[in-house]
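Colleague: Generate coordinates for the entire structure from the input sequences, incorporating the hints supplied.
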Amino acid sequence: MDFSSLSPVAMIVLLVGAATPILLAAIGELVVEKAGVLNLGVEGMMIIGAVCGFIVAVNTDSPMLGLLGAMVGGAVVSMLFAVLTQYLLSNQVATGLALTLFGLGIAALMGSSYNGIRPPRMVRLDVEGLSDLPVVGKLFFSHDPVIYLSLVLVFAVWYFLNRTRAGLVLRASGENHDAAHALGYNVQLIRFGAIMFGGACAGLGGAYVSLVRVPQWTEGMTAGVGWIALAIVVFAAWKPWRVVLGAYMFGGITILQLSLQALGISISGAYLSMTPYIVTIVVLVIMSADRKKASLNAPACLGTSFHASH
Amino acid sequence: MLRLEQRPQPSGLMLYTTPIMAVLATMIVGGVLFIAMGINPFKAIYLLFIDPFVDPYNLSQLFVKASPLILIAMGLSIGFRAGVWNIGAEGQFIMGAIAGGAVGLALWDVEGWWLLPLMTLAAALGGALWAMIPAVLKIRFNANEILVSLMLVYVAENFIAAMAQGPLRDPNGFGRPVSKNLERHDPTSLPDVFPALGIDAGGLMMLILLALAFFLLQKHALGFQIKLTGESPRAARFAGVRPGVIVAVCLGISGAAAGMAGLFELTGAAGTLSADFGLGYGFTAIIVAFLGRLTPVGILLAGVVLAGTYIGGENAQFVLKLPAAAVTVFQGMMLFFLLGFEILINYRVKRLRRAA
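Keeping their order, the protein sequence lines are chains A and B. Residue numbering for the first sequence follows this note's numbering, starting at 233 and increasing by one per position. Residue numbering for the second sequence follows this note's numbering, starting at 32 and increasing by one per position.
No lab work stands behind these hints, which were simulated from the structure alone. Each residue gets a CB set at the ideal place from its N, CA and C atoms; glycine is no exception. One or more of the hints may lead you astray.
Claimed, not checked - Rough simulated footprint, nothing fancy, chain A against chain B, three-plus residues with beta-carbon under 8 angstroms: (1) 155-163; (2) 173-183; (3) 191-201; (4) 317-329; (5) 361-374.
Modeller: Right under this line is the structure:
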């Protein structure tokens with residue numbers, strides 16, 4: 233077997249591409265969960281983002297407007313979840329599932345006339361001199377803007393949650409919504425905002441799949457990335473920097489199994505395609521096994537509805 | 032100003048009228064959606080919600096679609112009652128079909144009345160064992176069963192693709208990744224029981240199991256423990272209910288039910304194992320379970336309604352060129368409306384008089 237085609241530099245570049253949709257969706261969901269809301273609709277919001285981004289990009293011939301459209305699409309559809317869970321106090325697990333089912337359906341409906349079209353190409357960063365450097369240029373200075381944006385976003389989320397007053401208030405409504413309410417904060421509004429932020433991030437992640445990674449529109453193309461993002465938040469113990477670690481690790485596994493398939497290794501491709509999902513399970517098990525630690529990390533009010541009785 | 036006020040007791044009336052309200056609201060909003068798509072809304076709604084229950088041919092397909100939905104939803108509802116969220120029924124459905132189908136393929140030249148029961152048993156075991164993975168990981172390692180069971184759907188989808196390419200492929204199938212057809216093979220084809228409604232032996236089995244589920248939840252101590260665990264986990268622990276046992280029982284039952292549904296689909300409708308064997312019944316069944324209020328009778332009715340949308344959706348694809356995805360949108364919308372209306376069970380809307 234010829235392993236020489238597996239250049240480490242090229243693999244890392246591919247890895248970052250595979251990890252970015254997961255990273256974007258997971259960092260959004262992290263904020264949502266920090267506010268005390270469990271939104272299982274990530275997969276649905278991602279696929280909506282994928283189709284909205286694709287449609288806008290094809291019609292305006294601008295991938296950047298496509299990304300914007302995806303964020304708007306993701307945020308708008310997440311409002312359905314926000315209204316139901318925050319103001320109509322519906323069960324978050326069931327509503328999140330409904331959002332995923334609904335999102336998959338509506339995305340297929342919206343995208344039915346866009347099959348087989350190629351979207352406009354996303355520009356890559358190209359800095360005179362820097363991008364041409366051997367290894368370093370490829371590794372750090374030749375990605376598309378979304379990859380840099382995703383890392384900036386992680387930093388911004390970290391800064392917001394840990395260094396700003398607003399972030400503290402958001403975390404308070406996730407840890408103890410009654411206390412936050414008693415202090416005069418509007419828990420429902422805070423959560424509503426967090427859910428929309430999560431929707432926009434998931435939408436952006438979805439558009440990255442349809443505009444950059446594939447780039448094409450096919451039904452159900454996010455293929456469980458949204459669910460993996462949910463698992464990554466648990467893996468990261470609700471810490472932004474560890475979301476990067478988790479997402480890049482999964483990107484690595486995805487790329488590794490794809491390269492092995494391309495090499496024509498004697499294992500059937502279907503078995504290799506299972507690996508990211510199996511690894512997700514293994515990681516979940518490892519992270520959850522220590523009950524005490526796991527419950528310390530999770531926001532205390534995660535998944536519970538809040539209704540101010542007076 | 033309107034505000035929500037908690038009712039002293041959940042409203043029994045609302046408990047049963049909200050699912051009907053959800054279906055009606057779906058029709059209305061769906062009608063608007065059809066107008067936006069340039070489709071005659073009355074025709075479309077007639078096709079989706081009425082024609083499946085009027086036209087004799089459609090009626091003969093009704094339980095072909097409804098039986099797997101009801102069977103899976105029945106299993107899921109028992110878990111949902113206990114707060115055990117098995118979202119991976121689609122995977123258990125596939126694994127059940129593989130396990131039962133493999134038995135049928137291995138005993139291809141054998142005939143006997145016991146063959147289908149044996150395959151059903153294998154399918155139930157296959158589904159239950161697949162569901163035991165999230166159960167064990169939940170009990171032993173505290174891993175979230177929602178995520179684990181869902182990840183296993185993707186594993187199962189790849190597994191059936193591998194099986195259809197490899198060990199279970201039809202040797203005379205010109206290399207196509209499809210198994211032999213178990214439905215067009217007398218010893219493994221499900222016999223019809225009441226063809227006018229599309230009830231075959233699998234449908235009959237579904238009805239029997241539904242009755243058993245009713246008995247379990249209403250009359251059996253285990254059913255009480257399941258409901259207690261869902262309503263108050265703390266109280267259940269004090270009453271001596273072991274949460275691990277409940278998790279295992281709930282996932283085991285729902286896995287077995289989904290596995291059997293998979294086999295009935297294989298031997299009653301689909302015929303062959305292939306990469307696109309899964310039709311999403313495992314996910315639609317979640318809607319059925321909620322729409323049916325997690326009760327056996329409700330699930331029976333909800334399963335029939337959603338089966339109707341599948342059949343009507345197929346007809347609407349021909350007659351009105353309605354995209355296939357529109358049915359999924361309708362089903363998702365129905366669940367949204369249901370969840371939204373649910374607030375009326377525990378709260379009432381009150382006009383707030385401004386104090387002078």
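Colleague: If a hint holds in the structure, say so; if it does not, say that too.
Modeller: Status of the hints after comparison with the structure:
For the region 155-163 of chain B, the stated coverage by chain A is not satisfied: 0 residues place a CB nearer than 8 angstroms to a CB of that chain, which falls below the threshold of 3. With a cut-off of 8 angstroms between beta carbons, the region 173-183 of chain B has 9 residues touching chain A; three or more are needed, and the interface restraint holds. Counting residues of the region 191-201 of chain B whose CB lies closer than 8 angstroms to any CB of chain A gives 4, which reaches the minimum of 3, so the coverage claim holds. With 3 residues bearing a CB less than 8 angstroms from a CB of chain A, the region 317-329 of chain B meets the requirement of three and the coverage assertion stands.
Here the region 361-374 of chain B counts 10 residues with a CB under 8 angstroms from a CB of chain A, which clears the bar of 3, and the coverage holds.
The structure does not agree with numbered hint 1 stated previously, though it agrees with all others.
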